[in-house]
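A.B. asks: Using the hints, put the two chains back together into the complex; each one sits in its own frame.
For the record, the sequence lines run as chains X and U. The numbering of the first sequence is the working numbering, which starts it at 2 and goes up by one. The numbering of the second sequence is the working numbering, which starts it at 818 and goes up by one.
No lab work stands behind these hints: they were computed from the structure. All C-beta atoms, glycine included, are put in the ideal place defined by N, C-alpha and C. A few of these clues could be false.
Have a look at the derived ranges for each label pair, beta carbon to beta carbon [to be verified]:
1. X:G48 / U:A836: 56 to 66 Å
2. X:D121 / U:K925: 41 to 51 Å
3. X:A97 / U:D978: 42 to 52 Å
4. X:K148 / U:N888: 40 to 50 Å
5. X:L46 / U:D962: 53 to 63 Å
6. U:A836 / X:N43: 55 to 65 Å
7. U:G850 / X:R69: 52 to 62 Å
8. X:A42 / U:G891: 26 to 36 Å
9. U:F896 / X:P79: 53 to 63 Å
10. X:A97 / U:G891: 42 to 52 Å
11. U:P945 / X:G48: 32 to 42 Å
12. U:N888 / X:V124: 16 to 26 Å
13. U:V982 / X:L30: 25 to 35 Å
14. X:N43 / U:E1001: 42 to 52 Å
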Amino acid sequence: MLNDATRFGLVSRVIHWAMAALILGLLILGTKLNTMQPGLANLWLYGLHKTMGLTAFALVLLRLIWHRISPPPAPLGPPKAWETRVAKAVHHLTYALLVLIPLAGWAYASATGLDIMFADRWVIPPIAPVSEAWENGSKLAHSVLTKLLMGLLVLHVTGALRRAVKGDGTLSRMIWKAQQD
Amino acid sequence: MRLILFLALLLTASSALAAPELYRLQPDLSSVGFETDFGPDRITGTFPIAHADLTLDFAKVGASKVAVILNAAGAQASFPFAAQALKGPKVLDTAEFPEISFISTGVKAEAEGATVSGNITIRGVTKPASFHAEIYRQQGTEAGDLSHMTIRLTGAVMRSDFGAVGWHDMVGDQVRLDILARIERAN
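Chain U with its partners taken away, still in its complex shape (with noise of 0.2 Å):
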C-alpha cells in the first residue's frame, strides 16, 4: 500500500473533489485497537466498531466530519480476565454502557496528517479529545482513486477521566487507541 499523506492528497485532490464526500465504513477491514500498560507488561485488545459516519471533504480540510460508535461490550482483550475485567462495572460498565462514541467537532491540516479534535464519550461521560489522523490510498488503487481510503487514528485517553478507574494500582491509566478504519464512498 502506498503510503500519501493527508496534505499531500488534498492538494492532488482539491481539484477534483470540491464537495464533501460521504464514505461508509468497511465494518471487515476495520478494527480499533487498544494497549494500556499492565506492570512490565501491556493489555492489547480491540473493540468492533458498531457504526461510523464519515464526511471527507478534501477541499476544505476543517468540513470535514466524523462519528463513530464503538461496540465496549464486544471488547476483546489479550487475556480472558482483562476482557472481564475491562467490560465489568469498576471499568467501561457494559452492562449500563455498552457503547462509546466520538464525534468531531474539527479537523485540522498538519503537516504530517491531520488532527481530528472532538469528543469522546465513555461510562455517558463525554469529554474532548484529539486524535492524530493519516490517510491513505487502499492497496490495489489508482493514483487520485479516492473511493476507497484508509484512515488510521492515533491518540489516548485517561480512562480515570471516565470514571473508568478499576485496578487502577495494576493497570495503567493511560489507554491508547490505534483505529484504522478503512471505508468507501457511499455513491
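If we strip away everything but chain X, and leave its shape as in the complex, we get (with noise of 0.2 Å):
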C-alpha cells in the first residue's frame, strides 16, 4: 500500500491511474461541450464533467495529502540530468494545474448562477460570486490552464514513453510494484 524509497505503492498507482483515465476523459468530454450544440438530449454531459471534474479534484487533493503521509519515490536517473529537472518541474506544474482547473472550472460554473450538481443528486456549493466578470475570467482561467496542462501531459507521456523504451524502470514502476522487487 505503502510508497518506499524505490517503489510506488499500490494506492498511488490507482490513484495515478484514475486520474490519467478522469482526465483523459475530461479533455475529450470537454473539447465536445464547446463544439457542441447544446440540446435536451445532451444536456446532461455538462453534468458529466462537472461531476468528473469534481472528482478529479477530490482525487489530487488526495494523492496530495496520501504524498505527506508516504512520501513517493525520487525519480530515477542521475538528480541533476536535464531529464529529471524537466520532469520534475512538469510534475510540480502539472500538480499545480490539476488543482486550478477545477477550482476554475468550479468558480466558472458558480459564478452563472446555476446549481452546480454532482451526480445529479447533490448541490455543491458556489465559490464564487454571481458575476459576468468571475465568469467569463474563470472560464478564461479554465480553457488556457486546460490547454497548458494539454501540452504538459504530452511531455509527461512523452517522457515516460522514453524512459521505458530506454528500460530504466520509471514507467514500470507505476504500473507493477513486483518488477522492482
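C.D. replies: Pasting the structure below:
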C-alpha cells in the first residue's frame, strides 16, 4: 500500500491511473462541450463534466495528502540530469494545474448562478459570486490552463515512454510494484 | 367551447353594451405560457399572473384597456436548470425585477380578432409590444352572455431588447408568449 524509497505503493498507483483515465475523459468531454450544439438530449453531458472534474479534484487533493503520509520515491536517474529536472518541473506544474483547473471550472459554474450538481444528485456550494466578470475570467482561466495541461501531458507521456524504451523502470514502477522487487 | 371571433362578437354585442365593462381575472383558470428555442429543442414554461385589470368596450374596441402584471419570480420551466437560468441575473434577474408588466395603449379590431398594442416592461426596460387577441365565450355560457370570457393573447418579444441576454449562444432570442386569460365581469 505504502510508497517506499524506490517503489510506488498500490494507493499511489491506483490514484495515478484513475486520474489519468479521468483527465483523458475530461479533456475529450470538455472539447466536445465546446463544439456541440446544446439541446435537451445532451444537457446531461455538462453535469457529467462537472461530476468528473470534481472527482478529479478530490483525487488530486487525496494524492497530495497521501504523498505527505507516504512520500513517493525520488525520480530515477541522476538528480542533476536535464531529463530529471524537466520531469520534476513538469510534475510540479502538472500538480498546480490539476488543482487550479477544477477550481477555475468550479468558479465558472458558480458565477453562472446555476446549481452545480454532483452525480445529478447533490448540490455543490458555489465558490464564486454570481457575476459576469467572474464568469468570463474563470472561464478563460479554465480554458487557458487546460490547454497548458494538454501540453504538459504530452511532455509527461513522451518522457515516460522515452524512459520505458530506455528500460530504466520509470514507467514500469508506476504499473507493477513487483517489477522492482 | 364555441369560438366567437372578436369582430363578430362586437357586432352582436354592441347593441347590448354601450359602455366599457370592467372584468376581473380568474387567476386559477388563466395561464401565461412561453417558449423559446434551445438548440434543436424548445424550452417551455409558465408565469403566474399576479394582477390584471381589463376593461372591455364591445361597442368601441379602441376604448378597451388591458393591464397585466406577471410574477416573473414564480416562473416555471420545462426543466429545472431552465427555470433557474430564466430567473437568474443573466436573464430576468427576478431578485431585482420580480415582475413583468404589460399596459395596453390601444386595441384595434382586425378581420380575425384584434391587435392589442402597448408597453411591456421586462428587467425594468420598457418597450412597445403588440399581441394578437382573440376572445371567446367561456364554455357553458349562453349565446350573448358576456359575463365570462376567455381572451387569448399571442405574440413574441426579443429578450435582447430588454438586456436579458444570458446564454445567447445556447438559447434563442425570440420568446413566444401565449396568454390565456379567463375573466368575469366585475359587477
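A.B. asks: Give me the numbers of the hints this structure contradicts, sorted from smallest to largest.
C.D. replies: Failing hints: none at all.
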